[in-house]
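Number of protein chains: 4
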Amino acid sequence: MADAKIPYSLNSKAVAEATKVWMHKRGVTVTEIAELVMLLQKKYYPNLTMEECVHNVEMVLSKREVQNAVLTGIQLDVLAEEGKLLTPLQDMIENDEGLYGVDEILAFSIVNVYGSIGFTNYGYVDKLKPGVLERLNDKTTGEIHTFLDDIVGAVAAAASSRIAHRKQAEREQELGLPHAPEDVEEAAKKPAAGSDLPE
Amino acid sequence: MADAKIPYSLNSKAVAEATKVWMHKRGVTVTEIAELVMLLQKKYYPNLTMEECVHNVEMVLSKREVQNAVLTGIQLDVLAEEGKLLTPLQDMIENDEGLYGVDEILAFSIVNVYGSIGFTNYGYVDKLKPGVLERLNDKTTGEIHTFLDDIVGAVAAAASSRIAHRKQAEREQELGLPHAPEDVEEAAKKPAAGSDLPE
Amino acid sequence: MADAKIPYSLNSKAVAEATKVWMHKRGVTVTEIAELVMLLQKKYYPNLTMEECVHNVEMVLSKREVQNAVLTGIQLDVLAEEGKLLTPLQDMIENDEGLYGVDEILAFSIVNVYGSIGFTNYGYVDKLKPGVLERLNDKTTGEIHTFLDDIVGAVAAAASSRIAHRKQAEREQELGLPHAPEDVEEAAKKPAAGSDLPE
Amino acid sequence: MADAKIPYSLNSKAVAEATKVWMHKRGVTVTEIAELVMLLQKKYYPNLTMEECVHNVEMVLSKREVQNAVLTGIQLDVLAEEGKLLTPLQDMIENDEGLYGVDEILAFSIVNVYGSIGFTNYGYVDKLKPGVLERLNDKTTGEIHTFLDDIVGAVAAAASSRIAHRKQAEREQELGLPHAPEDVEEAAKKPAAGSDLPE
Numbered sequence: 001m002a003d004a005k006i007p008y009s010l011n012s013k014a015v016a017e018a019t020k021v022w023m024h025k026r027g028v029t030v031t032e033i034a035e036l037v038m039l040l041q042k043k044y045y046p047n048l049t050m051e052e053c054v055h056n057v058e059m060v061l062s063k064r065e066v067q068n069a070v071l072t073g074i075q076l077d078v079l080a081e082e083g084k085l086l087t088p089l090q091d092m093i094e095n096d097e098g099l100y101g102v103d104e105i106l107a108f109s110i111v112n113v114y115g116s117i118g119f120t121n122y123g124y125v126d127k128l129k130p131g132v133l134e135r136l137n138d139k140t141t142g143e144i145h146t147f148l149d150d151i152v153g154a155v156a157a158a159a160s161s162r163i164a165h166r167k168q169a170e171r172e173q174e175l176g177l178p179h180a181p182e183d184v185e186e187a188a189k190k191p192a193a194g195s196d197l198p199e
Numbered sequence: 001m002a003d004a005k006i007p008y009s010l011n012s013k014a015v016a017e018a019t020k021v022w023m024h025k026r027g028v029t030v031t032e033i034a035e036l037v038m039l040l041q042k043k044y045y046p047n048l049t050m051e052e053c054v055h056n057v058e059m060v061l062s063k064r065e066v067q068n069a070v071l072t073g074i075q076l077d078v079l080a081e082e083g084k085l086l087t088p089l090q091d092m093i094e095n096d097e098g099l100y101g102v103d104e105i106l107a108f109s110i111v112n113v114y115g116s117i118g119f120t121n122y123g124y125v126d127k128l129k130p131g132v133l134e135r136l137n138d139k140t141t142g143e144i145h146t147f148l149d150d151i152v153g154a155v156a157a158a159a160s161s162r163i164a165h166r167k168q169a170e171r172e173q174e175l176g177l178p179h180a181p182e183d184v185e186e187a188a189k190k191p192a193a194g195s196d197l198p199e
Numbered sequence: 001m002a003d004a005k006i007p008y009s010l011n012s013k014a015v016a017e018a019t020k021v022w023m024h025k026r027g028v029t030v031t032e033i034a035e036l037v038m039l040l041q042k043k044y045y046p047n048l049t050m051e052e053c054v055h056n057v058e059m060v061l062s063k064r065e066v067q068n069a070v071l072t073g074i075q076l077d078v079l080a081e082e083g084k085l086l087t088p089l090q091d092m093i094e095n096d097e098g099l100y101g102v103d104e105i106l107a108f109s110i111v112n113v114y115g116s117i118g119f120t121n122y123g124y125v126d127k128l129k130p131g132v133l134e135r136l137n138d139k140t141t142g143e144i145h146t147f148l149d150d151i152v153g154a155v156a157a158a159a160s161s162r163i164a165h166r167k168q169a170e171r172e173q174e175l176g177l178p179h180a181p182e183d184v185e186e187a188a189k190k191p192a193a194g195s196d197l198p199e
Numbered sequence: 001m002a003d004a005k006i007p008y009s010l011n012s013k014a015v016a017e018a019t020k021v022w023m024h025k026r027g028v029t030v031t032e033i034a035e036l037v038m039l040l041q042k043k044y045y046p047n048l049t050m051e052e053c054v055h056n057v058e059m060v061l062s063k064r065e066v067q068n069a070v071l072t073g074i075q076l077d078v079l080a081e082e083g084k085l086l087t088p089l090q091d092m093i094e095n096d097e098g099l100y101g102v103d104e105i106l107a108f109s110i111v112n113v114y115g116s117i118g119f120t121n122y123g124y125v126d127k128l129k130p131g132v133l134e135r136l137n138d139k140t141t142g143e144i145h146t147f148l149d150d151i152v153g154a155v156a157a158a159a160s161s162r163i164a165h166r167k168q169a170e171r172e173q174e175l176g177l178p179h180a181p182e183d184v185e186e187a188a189k190k191p192a193a194g195s196d197l198p199e
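Chains as they are written, first to last, in UniProt numbering: chain X, 1 to 199; chain D, 1 to 199; chain F, 1 to 199; chain W, 1 to 199.
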């Protein structure tokens with residue numbers, strides 16, 4: 001029948017696209033996150049380029065687990081901005097309450113995907129609030145970024161971890177060492193034509 | 001000088017090899033872990049083959065984060081078996097003390113690498129102790145597997161999560177949907193010849 | 001001025017009350033959660049009473065970290081039920097999508113408060129869905145409990161961990177052993193009159 | 001019989017004592033950890049005293065979950081110092097390898113006990129290495145503190161979270177607000193005489 005309900009099926013492309021669209025709507029660019037990565041990593045890799053930082057941020061954002069956290073966090077920020085949450089949750093998120101830690105929990109689920117070595121970088125940028133994080137924390141704008149603030153720091157920390165793993169692999173190859181690649185195969189063997197994510 | 005100390009540099013191949021060697025020495029095969037994966041996943045994917053399960057377990061074991069947890073856990077088991085730990089840590093690990101949870105913490109760092117959807121599968125096999133887990137939990141052998149027991153369950157849970165992500169990708173491709181692959185590029189662009197991990 | 005905005009200040013009583021009210025509105029009773037605890041723990045403590053299980057569930061629910069997770073999770077369930085979330089988040093939560101793991105992440109933040117020994121119990125009940133969890137998972141009612149389902153399992157697992165710690169303390173005291181109590185002092189020294197949480 | 005093996009039973013006092021003894025042997029004092037807490041918290045609570053910081057560190061160290069992580073981490077440091085670990089684990093811990101994250105994982109199990117609000121403080125001190133952390137990171141001494149370093153930062157972060165929760169409770173009481181105390185009852189109802197931890 002024409003109006004029969006189509007059974008639900010996850011559309012991973014739609015989730016990936018929504019993540020990009022919503023980060024953009026909330027005023028955060030991939031370049032700004034890449035700048036945090038550069039800040040965190042340049043002392044370890046003096047030759048690191050902004051292009052590499054951007055690429056690693058994009059790879060982090062391509063992970064389903066990361067997309068889920070980004071979308072859920074932004075959703076809660078938006079609803080808090082519109083005043084549509086239940087009291088006292090509305091108050092806690094609106095005021096970025098210090099004893100409310102669900103934002104940190106979502107952020108951590110992002111860091112975790114690239115392993116525990118990112119914990120430190122996350123805490124560091126979350127405390128110092130450089131660059132884009134300072135703007136997201138400005139409480140005078142009427143915008144609410146209680147979740148997005150922590151999420152952006154987490155994406156930067158995860159991208160930093162990703163870079164650390166890759167730089168080790170490159171070093172071993174330059175040294176001609178036998179190398180054991182980590183889990184690298186594509187999520188599906190025959191990638192669909194028209195995929196717009198690189199490599 | 002001939003005996004000058006060579007500066008330390010991580011050799012990822014050596015870490016990967018040691019992981020395989022030590023799991024084998026402690027009596028656990030990839031096939032046994034794959035059997036746990038089959039047990040967990042066959043009701044969702046009736047066509048799932050043992051070959052796929054084995055492959056996914058191998059991919060999980062190729063991750064550095066996983067190797068670190070496996071080696072650290074087995075090390076503590078071995079030292080406990082030899083009676084070489086400090087009291088009261090020796091007692092707690094030797095007796096698989098219920099209030100000692102560091103084994104669960106290491107196990108969780110493995111599950112986390114493939115995302116939170118593996119939490120449930122980990123707890124389930126850890127409670128029911130099917131297959132290889134029953135043998136590792138036999139307290140009458142003199143062997144101590146306080147850590148390995150949880151680690152094996154975690155590897156099986158992580159492999160199950162990995163399968164869930166891949167099956168979704170396959171489904172979307174069969175449906176001809178536009179597809180957004182997750183982070184899939186190789187850790188290094190030019191894999192060294194002689195790498196013995198597949199794909 | 002009479003209508004000047006009162007500066008925000010967390011009201012912990014309001015958060016605690018809202019947690020109770022919202023669990024009740026969503027149809028979950030403390031007794032039902034206590035029944036999950038009994039199911040998980042009776043084989044270890046044959047003399048465990050329902051009264052003890054209820055008390056331990058209440059203690060878990062008195063923790064701020066737990067209340068934050070409960071309120072956030074229920075909020076997302078309610079909004080999904082009302083169809084008010086952004087696509088594709090709406091679809092994923094409405095359909096309890098298998099690759100969406102934010103519900104497990106919130107659940108884990110609850111289990112963690114009482115330590116890693118609760119991981120296994122959480123996974124076990126979340127897989128088997130006994131008692132109240134079966135009802136919360138019924139997809140034919142039009143109600144959406146994607147988050148609450150996991151949260152209830154997590155509260156039961158946390159209460160089980162709490163019992164394990166306390167039973168150890170009781171055992172040591174019965175044996176006349178010198179005992180080292182864990183962090184037990186009140187969050188504030190002079191509890192306000194009229195507090196309705198026990199002890 | 002004289003030589004019959006006494007059945008194992010956890011002695012919580014012995015675990016608590018060993019934690020103190022081993023931290024002392026490894027050269028870390030409660031006062032030094034309290035100084036990290038003061039550094040992290042003084043800007044939020046100008047009247048915070050060193051006595052309060054010391055007390056909160058002691059409360060954190062009284063938790064079983066924390067003691068387990070401390071003892072396991074110090075054990076691995078000591079064995080690495082003695083060169084008794086298996087290659088390549090020996091190399092990774094001896095050199096505080098950047099891609100080895102089990103130390104961060106143990107640290108995180110400590111922070112988690114007092115909730116996610118401590119994540120940021122942990123990362124911050126772990127990056128900046130103030131006070132005692134600078135000494136523990138000195139790689140020229142022959143001592144190895146790969147684990148203890150992260151653990152000390154985690155204990156300081158956890159104590160900071162504990163203070164944040166208590167200060168909120170105090171504020172509410174001063175304001176005469178109805179107050180909902182968190183889980184505060186003693187782990188056992190009749191504390192043994194001679195217990196040397198307060199309240």
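Worth double-checking, as some hints may not be accurate.
Remember, identical chains collapse to one label, so a pair may be satisfied in a single copy or spanning two.
DSSO-like, lysine-lysine: derived pairs with alpha carbons at most 27 Å apart [what the hints assert, rightly or not]: (1) LYS84 <-> LYS42; (2) LYS84 <-> LYS25; (3) LYS43 <-> LYS167; (4) LYS129 <-> LYS20.
In case anyone wonders, no lab produced these hints; they're calculated from the structure.
Right, here's what the structure says about each hint:
1. In this assembly of identical chains, the alpha carbons of LYS84 and LYS42 never lie at most 27 Å apart, being 42 Å within a copy and 35 Å across copies at closest.
2. Taking identical chains as interchangeable, the C-alpha atoms of LYS84 and LYS25 lie at most 27 Å apart whether they share a chain (19 Å) or sit on different chains (18 Å).
3. For a Cα distance limit of 27 Å, the shortest separation of LYS43 from LYS167 inside one copy, 13 Å, qualifies, whereas the shortest one across copies, 38 Å, does not.
4. Taking CA atoms no more than 27 Å apart as the test, LYS129 paired with LYS20 passes inside one copy only; the shortest distance there is 22 Å, against 36 Å between copies.
Violated hints amount to a single one, hint 1; each of the other numbered hints is respected by the structure.
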